[in-house]
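Undergrad: Chains A and B are the protein sequences, given in the same order.
Quick note on my numbering: the first sequence kicks off at 1 and runs consecutively.
Quick note on my numbering: the second sequence kicks off at 1001 and runs consecutively.
If you are wondering where the hints come from, they were derived from the structure by calculation, not from laboratory data.
Possibly wrong hints are sitting among the right ones.
Computed cross-link-like contacts, SDA-like style, restricted to lysine to any residue with a CA-CA straight-line distance of at most 25 Å [as the list claims (entries may be wrong)]:
1. B:Lys1079 <-> A:Arg161
2. A:Lys184 <-> A:Leu37
3. A:Lys184 <-> B:Gln1118
Which residues of chain B face chain A? A partial, calculated answer using Cβ under 10 Å [what the hints assert, rightly or not]:
4. Leu1129
5. Phe1131
6. Val1134
7. Gly1160
Glycine included, C-beta positions come from ideal geometry on N, C-alpha and C.
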Amino acid sequence: MTETIAAALAIAGKDIRSEFRRRTTLVAAIVFAALILVVFNFARDPTAVTAAELAPSALWITCAFATVTALSRTFAVEIDHGAIDGLLLAPVSREAIYLGKFLGNLVFVALVEAATLPLLVLFFNLALGGALPGILLVAALASIGVVAIGTLFSAMTVRVRFGELMLPLLLLPFMMAPLAAAAKLTAALLNGRPLLENAAWLRLLVTYDIVFLTACLLAFPFLLDE
Amino acid sequence: MSSDVLASARSSMRAGRVIAIVGLLWVAAAYVRAIAFTPVEAVQGPAQKIMYVHVPAAWCAFLAFILVGICSALYLWLKDPRLDAFAAASAEVGVVLMLLVLVTGPIWGKPIWGTWWQWEPRLTSTLFLFFLFVGYLTLRRSVFDPLERGRYSAVIGILGALLVPFIHLTVYMFRTIHPQPVVLRPEGPTMPGSFVATLLFSLAGFTVLFLGLVMMRYGLSRHAEAMGGHDAVAG
Chain A
1 MTETIAAALA
11 IAGKDIRSEF
21 RRRTTLVAAI
31 VFAALILVVF
41 NFARDPTAVT
51 AAELAPSALW
61 ITCAFATVTA
71 LSRTFAVEID
81 HGAIDGLLLA
91 PVSREAIYLG
101 KFLGNLVFVA
111 LVEAATLPLL
121 VLFFNLALGG
131 ALPGILLVAA
141 LASIGVVAIG
151 TLFSAMTVRV
161 RFGELMLPLL
171 LLPFMMAPLA
181 AAAKLTAALL
191 NGRPLLENAA
201 WLRLLVTYDI
211 VFLTACLLAF
221 PFLLDE
Chain B
1001 MSSDVLASAR
1011 SSMRAGRVIA
1021 IVGLLWVAAA
1031 YVRAIAFTPV
1041 EAVQGPAQKI
1051 MYVHVPAAWC
1061 AFLAFILVGI
1071 CSALYLWLKD
1081 PRLDAFAAAS
1091 AEVGVVLMLL
1101 VLVTGPIWGK
1111 PIWGTWWQWE
1121 PRLTSTLFLF
1131 FLFVGYLTLR
1141 RSVFDPLERG
1151 RYSAVIGILG
1161 ALLVPFIHLT
1171 VYMFRTIHPQ
1181 PVVLRPEGPT
1191 MPGSFVATLL
1201 FSLAGFTVLF
1211 LGLVMMRYGL
1221 SRHAEAMGGH
1231 DAVAG
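Using the sequences and the hints, build the whole thing.
TA: This is the structure in structure tokens:
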């Protein structure tokens, strides 16, 4: 158990380090997120829809697309120079590889979200007030489940034809539940409502995370069954 | 070995064809019964007749989905290629039936709800199942290695089954205007007996047709495999 976690942390550390050294993907994902926010602002009728009304949807749709973009590269870097074989030959369990990739992706997505939120506040003239801790919690809960599934799917799509197209096709239906919950909760928080007023949505997010993180962890070894 | 597979594939195709023809005739009889021998509903008028297609198609589509889930789980466990081929055949027939549900639903919805589309739980769940099935079948077409294809699609099949309750709950938490169950209720059906009889008759016909088509498709993909050919969908 401790071995698995240590190996997972080592793999996650490797991914995050190499990401920080190259920075290309991270910068690209953040710029991509900023661009979507800008597009959102112009793709509305300013006399009919206020920026504040659109903000929760803009935030979560932006994060969803940025996440898909980010996830498509996680196993691609391993495939490029046959690094995946080294990873598979390493004396660590398949679960550890999955958890490591999952944690690395989670950090990556968290960084993109951390960059998106201030941009949203800036572009949409939001006053976060006391909503910030709640939004951060919602972001964490919504991201865990999506990244869990996305990590599993990117391990598949990286090896199939048209993988870049397959990942969003497979992942977006799974994003619907966390996306709806996150947008609903964020809208309530921005309106100054207490977080626990929507406890049902929070429960949905937590259940989703537990179910899919467990299922993906169990399913991952089957994907690499050579 | 291969000739055994070939023979069993051919017999599945033959049996599937017979069952599908019986199902087709049965469904045709159900239409005749629904249109000519079942009373017109007082409030909804002729639009209600769509139920005799919509509900059985939805039932078979969900049956298809359950079969995909079960066969996927069993495939990962037993590694039997027949389970994979059966899951794929079921998904392929299921996606057609889902489309039928998604087309007949709005046609009924326009006169009765006053709107073509409503984001309510069962309709939305069906739409998402449709997307999942399309993703599942698209993925199958992009993987060449049969073992890899089997494993990948089985994982999607299982995760998809886990997703359905979440979709349903999410949309339910928005709100609902879909008709509540009218047959399977603890207090007994709210529909007149003749309506229920026609619905069940049609439902049985659709189920037979569904099973026939799945068996045909299953036999076809086994046949292609035994011939050393490449069946892009089922294996």
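Undergrad: Confirm or reject each hint.
TA: Cross-check of the supplied hints:
1. Our distance criterion of 25 Å between C-alpha atoms is met by lysine 1079 of chain B and arginine 161 of chain A, whose separation comes to about 24 Å.
2. A C-alpha spacing of about 18 Å is found between lysine 184 of chain A and leucine 37 of chain A, which places the hinted pair at or below 25 Å, so the restraint holds.
3. Between lysine 184 of chain A and glutamine 1118 of chain B, the direct Cα distance comes to roughly 19 Å. Compliance with the 25 Å bound is thereby established for this hinted pair.
4. For leucine 1129 of chain B, the interface hint holds, the least distance from its beta-carbon to any beta-carbon of chain A being 9 Å, beneath 10 Å.
5. Given the 10 Å rule on beta carbons, the hint for phenylalanine 1131 of chain B holds: about 5 Å separates it from the nearest Cβ of chain A.
6. The interface hint given for valine 1134 of chain B holds, since its Cβ lies 8 Å from the closest Cβ of chain A, which is under the 10 Å cut-off.
7. Of the supplied interface hints, the one on glycine 1160 of chain B holds, with its beta-carbon coming within about 8 Å of a beta-carbon of chain A, less than 10 Å.
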